[in-house]
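Novice: Sequence:
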Amino acid sequence: MKTSNLLKKDSLLALGSGVVLGAVISSFSDGSFWFGWLKCGFLTAILLLGLIRVWRLAGAGRTLALLMLVAFTLRVAFGIYLNQGLPQLGFNNPVQNTGYVFSDAHDRDQAAYQIAISGKAWLPQIKANIATDQYGGLLAFSALVYWIFSADVHRPLLMVLISAAAMAAG
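The C-terminal position of the sequence shown is numbered 170 in the numbering used here, with every residue numbered one higher than the one before it.
For the record, the hints were derived by calculation from the structure and aren't laboratory data. Treat the numbers as computed from the prediction; the structure is a model and nothing was measured. You can take every hint at face value.
Quick list of the computed label-pair ranges, beta carbon to beta carbon:
| hint | residue 1 | residue 2 | range |
| --- | --- | --- | --- |
| 1 | Thr73 | Phe42 | 17 to 23 Å |
| 2 | Gly90 | Ala58 | 34 to 40 Å |
| 3 | Leu74 | Ala128 | 32 to 38 Å |
All C-beta atoms, glycine included, are put in the ideal place defined by N, C-alpha and C.
Working from the sequences, and respecting the hints, build out all of it.
Specialist: Here is the structure:
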């Protein structure tokens, strides 16, 4: 099959899957479902297209596809479970009441969202939050993701999607 046909096929598969998974993620997120669906679906489609291309680059074997699918699905499902379940089932503290297991992830994610919506220069804010992310890279990346895909409301499940894709690719 020609490369352009494969890319079209992969893009359509990623877009279709992104639309479905975007709806699932948006239904578990705060804010407008429709706006969240659009943003989550677009990010998911980009991530899935990347995963499909990595799979093709690695030989496009069925076993690898199954491993990548299971890794991605379990990570997303477990992330949704923790995000939704910890406020009811976890300890009564600010970290678990917002759906996080670890305080450093909570602090970094909260700081990233505040940086994204502040409208101020990012570098001084990243330097001011160096305690939440030693080098600032993950903080800056998270802030960029929130600025592009979630400036209206904090959607921490976007980070779950990105980490799931990284684990599945990796």
